[in-house]
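A.B. asks: Heads up: the sequence lines are chains E and W, in that order.
With our numbering as the guide, the letters of the first sequence map in order to residues 1 to 135.
With our numbering as the guide, the letters of the second sequence map in order to residues 1 to 213.
It is worth saying that the hints were derived from the structure and are not from the lab.
Predicted model only: the values in this text are computed from it and were never measured.
Where hints are given, some of them may not hold.
[What the hints assert, rightly or not] Here are the computed lysine to any residue pairs in the SDA-like style, where the Cα-Cα straight-line distance is at most 25 Å: (1) Lys-120(E) with Lys-98(W); (2) Lys-98(W) with Leu-20(E); (3) Lys-107(E) with Asn-200(W); (4) Lys-120(E) with Glu-102(W); (5) Lys-68(W) with Asp-140(W); (6) Lys-29(E) with Leu-90(E).
[Unchecked claim] If you want the footprint, here are the derived chain W segments under chain E, 3+ residues with CB under 8 Å: (7) 83 to 90; (8) 141 to 154; (9) 184 to 195.
Beta carbons: idealized from backbone N, C-alpha and C, even for Gly.
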Amino acid sequence: MAHKCTKCGREFEDGSTQILRGCPSCAGKKFLYVRESERHKDVLEEKPLAEIILERRNDTLEIQDKPPKEVEIYDRVESIRILGPGSYELNIEKLAKSDEVVVGLGKEGQYVVDLPSMAKSIRKAGKRRKRKKKE
Amino acid sequence: MNFFVRTRKRFSKFLKFFFRKRSSRIGIYGPPNAGKTTLANRIVRDWTGDAVGPVSEIPHETRRARRKEDITITGANGSSITIDIVDTPGVTTKIDYKEFLEYGLEKEEAIKRAREATEGVAEAMHWLREDIDGVIYMLDSTLDPFLQVNIMMIGIIESRNLPVIIVANKIDLPDAAPTRIKSAFPQHPVISISSLDGSNIEQLYEKMTDYFG
Numbered sequence: 001m002a003h004k005c006t007k008c009g010r011e012f013e014d015g016s017t018q019i020l021r022g023c024p025s026c027a028g029k030k031f032l033y034v035r036e037s038e039r040h041k042d043v044l045e046e047k048p049l050a051e052i053i054l055e056r057r058n059d060t061l062e063i064q065d066k067p068p069k070e071v072e073i074y075d076r077v078e079s080i081r082i083l084g085p086g087s088y089e090l091n092i093e094k095l096a097k098s099d100e101v102v103v104g105l106g107k108e109g110q111y112v113v114d115l116p117s118m119a120k121s122i123r124k125a126g127k128r129r130k131r132k133k134k135e
Numbered sequence: 001m002n003f004f005v006r007t008r009k010r011f012s013k014f015l016k017f018f019f020r021k022r023s024s025r026i027g028i029y030g031p032p033n034a035g036k037t038t039l040a041n042r043i044v045r046d047w048t049g050d051a052v053g054p055v056s057e058i059p060h061e062t063r064r065a066r067r068k069e070d071i072t073i074t075g076a077n078g079s080s081i082t083i084d085i086v087d088t089p090g091v092t093t094k095i096d097y098k099e100f101l102e103y104g105l106e107k108e109e110a111i112k113r114a115r116e117a118t119e120g121v122a123e124a125m126h127w128l129r130e131d132i133d134g135v136i137y138m139l140d141s142t143l144d145p146f147l148q149v150n151i152m153m154i155g156i157i158e159s160r161n162l163p164v165i166i167v168a169n170k171i172d173l174p175d176a177a178p179t180r181i182k183s184a185f186p187q188h189p190v191i192s193i194s195s196l197d198g199s200n201i202e203q204l205y206e207k208m209t210d211y212f213g
């Protein structure tokens, strides 16, 4: 079995992962399973692929486009995100939970980690807070 | 008879659970791609025949800390220690997904790797804060040891009073300069090894037995 792009007719090997992102030639998202014996049928019988699809009905594979999911703000790894000069997004939930500071730069995938803030032990931080209250 | 044997076994397990001295936890720390997992794999393979985790040339391959328990190491001098080895994600201050694109990763995958690597740094630091009794700090001897992250990490380890052995790795490479590392950290023992081909690893085992014992 092989896959055939229904838009441009390009063939792909069975189990090809390439087609999961759409056809690399024409970005088509619909593929037809063809048996080895029927592989050249569309060319030999001069039938357009669309007709073969109609004949066979259920044998197509359609790739559905999933828009990449935006990570919700409370699931993010960073506590502060710098979107641009002078533009910040604060992750209040993360800031409230711990003193660890991770700064995100730009949209996603770039981080600056503040190691000293991660080295403080929680116990010490608790003590310090108590002392502050007394003052 | 069988019953007695079984009960005794169960009872001794029970006692062990409460009275066993916790074996000290040794964390392998260092910047990404220094060879931490390669060393962890070698130690664990040499003494138990197991493995810890996969290695790769792409930085941040290890993004979760991995622990192997009860490894008994015997030095050339005959003394031995039992330790838990914790292989940690590479600690760094900057993580950029664009770096991974050069290794042929897709953008989406690179972004995911960057995110996980950041969480990995936090996890490594968490272990250091809570659960580590000694540190093997690994450096790539082909690179400059005076990086901000190394100075900062050694400082943090010192401030927690943890014993640290510095390992100058990758001495099998032609441009390795382990003496540079020795002069950078004169206050700690420095052992130069190649965790890939295992040269000088005996010296590290010996140092571990008398330093962490």
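A.B. asks: With reference to the structure, classify each hint as holding or not holding.
C.D. replies: Hint check:
no.	hint	result
1	Lys-120(E) with Lys-98(W)	violated, 30 Å
2	Lys-98(W) with Leu-20(E)	holds, 24 Å
3	Lys-107(E) with Asn-200(W)	violated, 45 Å
4	Lys-120(E) with Glu-102(W)	violated, 35 Å
5	Lys-68(W) with Asp-140(W)	holds, 23 Å
6	Lys-29(E) with Leu-90(E)	violated, 39 Å
7	83 to 90	violated (count 0)
8	141 to 154	holds (count 3)
9	184 to 195	violated (count 0)
Hint compliance for this structure: hints 1, 3, 4, 6, 7, 9 are broken, all remaining hints hold.
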